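Following the hints, position chain B against chain A.
There are 2 protein chains.
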Amino acid sequence: MRGLMQDSPLTIDTIFRHAEQHYGDVPIVTNGPKGVTRSTYGEWADRTRRLGGVLDTLGISADGRVGTFGWNSQRHLELYFAVPCTGRVLHTLNIRLFPEQLTYIANHAEDEVVFVDRSVFGLFWPLVDAMTTVRHVVVMEDGGDAELPDDPRISDYETLLAAASPVEFDVRDEGLAASMCYTSGTTGNPKGVVYSHRSTVLHTMAALSPNAFGLSVRDVAMPVVPMFHANAWGIAQAAPAAGAALVFPGPMMQPENLAKLIVDEGVTFTAGVPTIWQGMLPFLAGTPHKLREIGCGGSAVPKALSEAYREQVGIPILQAWGMTETSPVASSGVLPRRLEDADDDTKATERARAGIPLFGVEARIVDADTLEPQAWDDTATGELQVRGPWCAKEYYNPDAGAVLSTDDGWMKTGDVAAMDSYGSIRIADRTKDLIKSGGEWISSVDLENAIMSHPKVAEAAVVGIPHPKWDERPLACVVVKPGETLTEEEVLQHLKPLVAKWWMPEAVEFIDEVPKTSVGKFSKKDLRAKFAEYELKS
Amino acid sequence: MRGLMQDSPLTIDTIFRHAEQHYGDVPIVTNGPKGVTRSTYGEWADRTRRLGGVLDTLGISADGRVGTFGWNSQRHLELYFAVPCTGRVLHTLNIRLFPEQLTYIANHAEDEVVFVDRSVFGLFWPLVDAMTTVRHVVVMEDGGDAELPDDPRISDYETLLAAASPVEFDVRDEGLAASMCYTSGTTGNPKGVVYSHRSTVLHTMAALSPNAFGLSVRDVAMPVVPMFHANAWGIAQAAPAAGAALVFPGPMMQPENLAKLIVDEGVTFTAGVPTIWQGMLPFLAGTPHKLREIGCGGSAVPKALSEAYREQVGIPILQAWGMTETSPVASSGVLPRRLEDADDDTKATERARAGIPLFGVEARIVDADTLEPQAWDDTATGELQVRGPWCAKEYYNPDAGAVLSTDDGWMKTGDVAAMDSYGSIRIADRTKDLIKSGGEWISSVDLENAIMSHPKVAEAAVVGIPHPKWDERPLACVVVKPGETLTEEEVLQHLKPLVAKWWMPEAVEFIDEVPKTSVGKFSKKDLRAKFAEYELKS
Numbered sequence: 001m002r003g004l005m006q007d008s009p010l011t012i013d014t015i016f017r018h019a020e021q022h023y024g025d026v027p028i029v030t031n032g033p034k035g036v037t038r039s040t041y042g043e044w045a046d047r048t049r050r051l052g053g054v055l056d057t058l059g060i061s062a063d064g065r066v067g068t069f070g071w072n073s074q075r076h077l078e079l080y081f082a083v084p085c086t087g088r089v090l091h092t093l094n095i096r097l098f099p100e101q102l103t104y105i106a107n108h109a110e111d112e113v114v115f116v117d118r119s120v121f122g123l124f125w126p127l128v129d130a131m132t133t134v135r136h137v138v139v140m141e142d143g144g145d146a147e148l149p150d151d152p153r154i155s156d157y158e159t160l161l162a163a164a165s166p167v168e169f170d171v172r173d174e175g176l177a178a179s180m181c182y183t184s185g186t187t188g189n190p191k192g193v194v195y196s197h198r199s200t201v202l203h204t205m206a207a208l209s210p211n212a213f214g215l216s217v218r219d220v221a222m223p224v225v226p227m228f229h230a231n232a233w234g235i236a237q238a239a240p241a242a243g244a245a246l247v248f249p250g251p252m253m254q255p256e257n258l259a260k261l262i263v264d265e266g267v268t269f270t271a272g273v274p275t276i277w278q279g280m281l282p283f284l285a286g287t288p289h290k291l292r293e294i295g296c297g298g299s300a301v302p303k304a305l306s307e308a309y310r311e312q313v314g315i316p317i318l319q320a321w322g323m324t325e326t327s328p329v330a331s332s333g334v335l336p337r338r339l340e341d342a343d344d345d346t347k348a349t350e351r352a353r354a355g356i357p358l359f360g361v362e363a364r365i366v367d368a369d370t371l372e373p374q375a376w377d378d379t380a381t382g383e384l385q386v387r388g389p390w391c392a393k394e395y396y397n398p399d400a401g402a403v404l405s406t407d408d409g410w411m412k413t414g415d416v417a418a419m420d421s422y423g424s425i426r427i428a429d430r431t432k433d434l435i436k437s438g439g440e441w442i443s444s445v446d447l448e449n450a451i452m453s454h455p456k457v458a459e460a461a462v463v464g465i466p467h468p469k470w471d472e473r474p475l476a477c478v479v480v481k482p483g484e485t486l487t488e489e490e491v492l493q494h495l496k497p498l499v500a501k502w503w504m505p506e507a508v509e510f511i512d513e514v515p516k517t518s519v520g521k522f523s524k525k526d527l528r529a530k531f532a533e534y535e536l537k538s
Numbered sequence: 001m002r003g004l005m006q007d008s009p010l011t012i013d014t015i016f017r018h019a020e021q022h023y024g025d026v027p028i029v030t031n032g033p034k035g036v037t038r039s040t041y042g043e044w045a046d047r048t049r050r051l052g053g054v055l056d057t058l059g060i061s062a063d064g065r066v067g068t069f070g071w072n073s074q075r076h077l078e079l080y081f082a083v084p085c086t087g088r089v090l091h092t093l094n095i096r097l098f099p100e101q102l103t104y105i106a107n108h109a110e111d112e113v114v115f116v117d118r119s120v121f122g123l124f125w126p127l128v129d130a131m132t133t134v135r136h137v138v139v140m141e142d143g144g145d146a147e148l149p150d151d152p153r154i155s156d157y158e159t160l161l162a163a164a165s166p167v168e169f170d171v172r173d174e175g176l177a178a179s180m181c182y183t184s185g186t187t188g189n190p191k192g193v194v195y196s197h198r199s200t201v202l203h204t205m206a207a208l209s210p211n212a213f214g215l216s217v218r219d220v221a222m223p224v225v226p227m228f229h230a231n232a233w234g235i236a237q238a239a240p241a242a243g244a245a246l247v248f249p250g251p252m253m254q255p256e257n258l259a260k261l262i263v264d265e266g267v268t269f270t271a272g273v274p275t276i277w278q279g280m281l282p283f284l285a286g287t288p289h290k291l292r293e294i295g296c297g298g299s300a301v302p303k304a305l306s307e308a309y310r311e312q313v314g315i316p317i318l319q320a321w322g323m324t325e326t327s328p329v330a331s332s333g334v335l336p337r338r339l340e341d342a343d344d345d346t347k348a349t350e351r352a353r354a355g356i357p358l359f360g361v362e363a364r365i366v367d368a369d370t371l372e373p374q375a376w377d378d379t380a381t382g383e384l385q386v387r388g389p390w391c392a393k394e395y396y397n398p399d400a401g402a403v404l405s406t407d408d409g410w411m412k413t414g415d416v417a418a419m420d421s422y423g424s425i426r427i428a429d430r431t432k433d434l435i436k437s438g439g440e441w442i443s444s445v446d447l448e449n450a451i452m453s454h455p456k457v458a459e460a461a462v463v464g465i466p467h468p469k470w471d472e473r474p475l476a477c478v479v480v481k482p483g484e485t486l487t488e489e490e491v492l493q494h495l496k497p498l499v500a501k502w503w504m505p506e507a508v509e510f511i512d513e514v515p516k517t518s519v520g521k522f523s524k525k526d527l528r529a530k531f532a533e534y535e536l537k538s
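Residue numbers (the numbering used here), protein chains in the order written: chain A, 1 to 538; chain B, 1 to 538.
For reference, chain A alone in the conformation it holds in the complex (with noise of 0.2 Å):
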């Protein structure tokens, strides 16, 4: 016996018609050099339309790639919908990615037109020739002042909106592409993460719940995290779905600027990563606010900044968890009912945990190999594994061997992770070859390749060291080859052309051999363990 309801579909258009519809009035703020500029919902509906217009001006296919590179911005989000909404397909480039790895992007997904914020196109523009899929390069005015060269590819974002018509959204079927985000840190080329409308309405509406985010029409929400992190955790769509206000930081990306929108601005919902809370801690500390959540992911929230949080500026941070193939929220460290009558220290205990899933996402920890199920009792470890309809399937034309899911039908997280007997998750260990700095992944194996290109290396291994401002930072473990000499400085120069600056080792330590499983493989586990009591000249 079949249901009998309305065969409507799930897109970001009915997202978008429901902000416009009923919040026109509701504020949107973007900072920027010359001060925060003031706009609408009404407003923004109205520029988004006429958006959807000037990418068929530009002649962008029916399911083009749209690529940004840009900061958090009311355009931005105007991309995020405008996109979408016309069937097309939002590409959000990491403008912290290193050149190679933009270019290798922007290809792969063939970008037809990417959309840039002036106040960082100059770290663009050298790679556009190397873009050959890119047509039309649209630079949007942040207060940035760099030099615009006379080249028929570029056009000024507000001079197209102003010539261009409105158009209808009416995106009819759920299963299409809305938007992609590349994920760069596990070995070998990114990967291509396709969200589509349905999993993208549903991931939304799993954040607006109370035990994610939880915002509503009385919220003035300023996501920190980039909007070319997947989605932006989820609040660029929860935001206009809720009715919520909207603070977006533009370039002004500097803790005290962060903070003053937040006491200015009435901020009362924020999210990031944990490196941005740090820093911001200073200038929120006995400060009057309206902030009711904070939310933290990325990497995992240190447990003494949570509590530094709860006595200082009042409430605690709350971590989720999640990664771009999860769209990217899947689980919370909300706390518990049992436990709200419990100890300070024990509830910091219980926040620090990746938590439960979100309703709508279901995890397991198993063997990787094998797909034993491990026991939830907080000890056992397993690979953590998700399903759920915001998780990926498979990546965008992937290289071979690069397997998003078990033969059953779960997506492998590549974490490891305990559950206790509650199924909350506990990350008892990063993917061995990541290293997560500020928020954004550092592949050890990437960096490892370009060490040991070097002629005097006979092998190396990087491992991440906890950092107290970057949560993490690489440490490069090298062998000299016998007979050579080699020096720190001797390796950074070597390095220095081959991968981006935040890529670069904080330390150089020489080893005599780098432990190996029992298969042969770096021993990363060993290696850590070593390393565990490092300290970091910081």
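Derived from the structure by calculation, the hints contain no laboratory data.
Bear in mind that the values here come from a model prediction, so they are computed numbers and not experimental data.
Take the hints with a grain of salt, since some may be wrong.
[Unchecked claim] Restraint-style ranges between C-beta atoms, simulated for each label pair:
1) A:D46 / B:G266: 42 to 50 Å
2) A:G401 / B:D7: 16 to 24 Å
3) B:G286 / A:K290: 58 to 66 Å
4) A:P373 / B:D367: 55 to 63 Å
5) A:D63 / B:D63: 32 to 40 Å
6) B:D420 / A:G314: 34 to 42 Å
7) A:E372 / B:G175: 29 to 37 Å
8) B:G286 / A:G314: 52 to 60 Å
9) A:K412 / B:D367: 21 to 29 Å
By construction, the Cβ of each residue, glycine as well, lies at the ideal position given by its N, Cα and C atoms.
The following block gives chain B in isolation, referenced to the frame of chain A:
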């Protein structure tokens, strides 16, 4: 280009597993004449899996309809999940329906089994022989004392459960029917709405959002709205999905018992029809409680009632609007941001609106015949029409003419509404033919037909008159045949065997003729105007 996300279906077993895995320690409490019974989601989950086994044991078909006839209780919640999670279809029978309606809908839905609370067994059993498809009657001991006949069709819930084995739940098709609810208010026979797994899960997620009920692990939710009303307004699914504790009133529906339960169990969220809150006000006023929100729907919430709650209980009532055909929650009168600092009266007026559609539902007002859109100026009115994944497309095997959808795919609500410039709905006039008494529909047309069956009656029209306790009560306007005489008492005596006791007109007025519209239909509008100041003897 397609999205590359998992094909995870939106099925009710995902709600079940979420509660089972993560909220095993969260309390479920059911009240009864001998006091409260305490349980947990863990116990509930185990019992629900075994109830799935009971359905197998009873030989219920793969998509068989399973009727329920009872109060709000943990056992009813077990049925809410065991039935759809085994692929069967839950059919909640409204215990307040007139016997002929009950047998009609049980036969129309082809219920194979009915689960009956012992306290209402006496209402049900006389009908069982007329329910031609019902093979089993399972009695749930709720402290009632109805005599149970010696009949092979009757079995005991707990006995069956104790003997049953738990079953796996794995519904893979979100389009399957999950449950049915009949709407008995409109003219003609009751009409069945068939919810799908998909519509139920999406309605659940919408109910979780803070612009609706905002349930979380921090809540203790008490649905006063009967579980034989549509999905108990989503709370029956939203609480398990959120990990909110649940408190069920059982048969103890007296205002003083409900108020005591709210205080004793620390209820934070509750919902029901206006009549309930009217009755409970004296018991809640000035009493310490933990309520954060009171949801109200089914009838318009009188502004005075909401204000009395704000003043005497400390929180205003949140009005929600919807109907059986919308799962039911479709909009909420949540206060918009721009009125946060408005005066109390302005806020109260705004809260009295049906409000803004929940994200996922779209609303419009149109000329019911031409579908011409009406202005959103809060003055123009039109038929309210809605669309969205939890709005019904059609009725189940309807009588000829019972059409729910417009040609362009919107659902006709039958309500007449105005919308302001923010798209906030104000119900201007309920469907002409309906009277809502204590949250239940009375069909004026059916009543009229019954009255007009009296030999001395020329014609009769019934309209709803405001009533302080029941919101509305029927007033019968009777035209006596020329040369005849008739008394109120004779009319009521005539009706007694024909309609349910609570359908009986509150008063009978004798008039010279029923005012007619230009096309010769009864003009209820004119009649309502004529009796606008009518004072019921109550």
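Cross-check of the supplied hints:
1. A:D46 / B:G266: 42 to 50 Å: holds, 47 Å
2. A:G401 / B:D7: 16 to 24 Å: Hint holds: Cβ distance 23 Å, inside 16 to 24 Å.
3. B:G286 / A:K290: 58 to 66 Å: violated, 31 Å
4. A:P373 / B:D367: 55 to 63 Å: For D367 of chain B against P373 of chain A, whose Cβ atoms are near 59 Å apart, the range 55 to 63 Å holds.
5. A:D63 / B:D63: 32 to 40 Å: Once the Cβ atoms are compared, 38 Å apart, the range 32 to 40 Å for D63 of chain B and D63 of chain A holds.
6. B:D420 / A:G314: 34 to 42 Å: holds, 37 Å
7. A:E372 / B:G175: 29 to 37 Å: Once the Cβ atoms are compared, 34 Å apart, the range 29 to 37 Å for G175 of chain B and E372 of chain A holds.
8. B:G286 / A:G314: 52 to 60 Å: About 31 Å separates the Cβ atoms of G286 of chain B and G314 of chain A, which means 52 to 60 Å is violated.
9. A:K412 / B:D367: 21 to 29 Å: violated, 55 Å
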